[in-house]
Amino acid sequence: MVGRYILTHPLDEELQALEKKINHSFANGALLREALHVPSGWNGDGNKDIALIGDPILKLVIGISGRNKNKTKGEISNMIQQRASKANLAKRGVIHGIGKFIVKNPCQSDITRNVMATTMQAIVGAVYVDCNGKIPPCVTVMTALGLSWPE
Numbered sequence: 001m002v003g004r005y006i007l008t009h010p011l012d013e014e015l016q017a018l019e020k021k022i023n024h025s026f027a028n029g030a031l032l033r034e035a036l037h038v039p040s041g042w043n044g045d046g047n048k049d050i051a052l053i054g055d056p057i058l059k060l061v062i063g064i065s066g067r068n069k070n071k072t073k074g075e076i077s078n079m080i081q082q083r084a085s086k087a088n089l090a091k092r093g094v095i096h097g098i099g100k101f102i103v104k105n106p107c108q109s110d111i112t113r114n115v116m117a118t119t120m121q122a123i124v125g126a127v128y129v130d131c132n133g134k135i136p137p138c139v140t141v142m143t144a145l146g147l148s149w150p151e
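Numbered according to the UniProt record's numbering, the sequence shown terminates at residue 151, and the numbering increases by one at each position without gaps.
Any given hint could be a false lead.
To be verified - Estimated spans, in silico, between C-beta atoms of each pair:
hint, residue 1, residue 2, range
1, 23, 133, 15 to 25 Å
2, 60, 29, 37 to 47 Å
3, 134, 69, 20 to 30 Å
4, 16, 75, 30 to 40 Å
5, 87, 144, 17 to 27 Å
By construction, these hints were calculated from the structure, which means they are not laboratory data.
Ideal Cβ placement from N, Cα and C applies to all residues, glycine included.
Just need the whole structure built from these sequences, with the hints factored in.
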């Protein structure tokens, strides 16, 4: 017999609260839901595919911002490493309460640093896809989540 999981999915109202928190209203809500699903036996790669899109977008936005601020190559590289690191992504996710929206296997008690970091990348990737490849909405979301170049 195959085991069944009862997964706790965020309600539409909760997703609307998350959209408000990140300053982006999704045209395709399925993208946000995908971004919040951790990989497991019941959903394959979960949010990893869309996180693969979000990771380079994070780096691109930080890099462009550094260039616009006339920062050196070294300063830009350091900022990308700092802001797009798993540790920082996870920290920012915790600060913004993203964990309560993440859909995980019920037997997983905690959300690990890697899961949180991947989810943050996935949220940025979902915004990019939702906006048909436009960068400015990603900048808005990254700023709301404290992932952009600090002022």
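Going down the list of hints, with the structure as the test:
A hinted range of 15 to 25 Å holds for the C-beta pair residue 23 and residue 133, which are about 19 Å apart. For the hinted restraint 37 to 47 Å between residue 60 and residue 29, the CB-CB distance of approximately 25 Å leaves it violated. For residue 134 paired with residue 69, a C-beta distance near 22 Å keeps the hint of 20 to 30 Å intact. Under the hint 30 to 40 Å, the C-beta atoms of residue 16 and residue 75, about 38 Å apart, fit the expected range.
Taken as a hint, the range 17 to 27 Å holds for the pair residue 87 and residue 144, whose Cβ atoms sit roughly 20 Å apart.
Comparing the model with each numbered hint stated earlier shows that hint 2 is the single one that does not hold.
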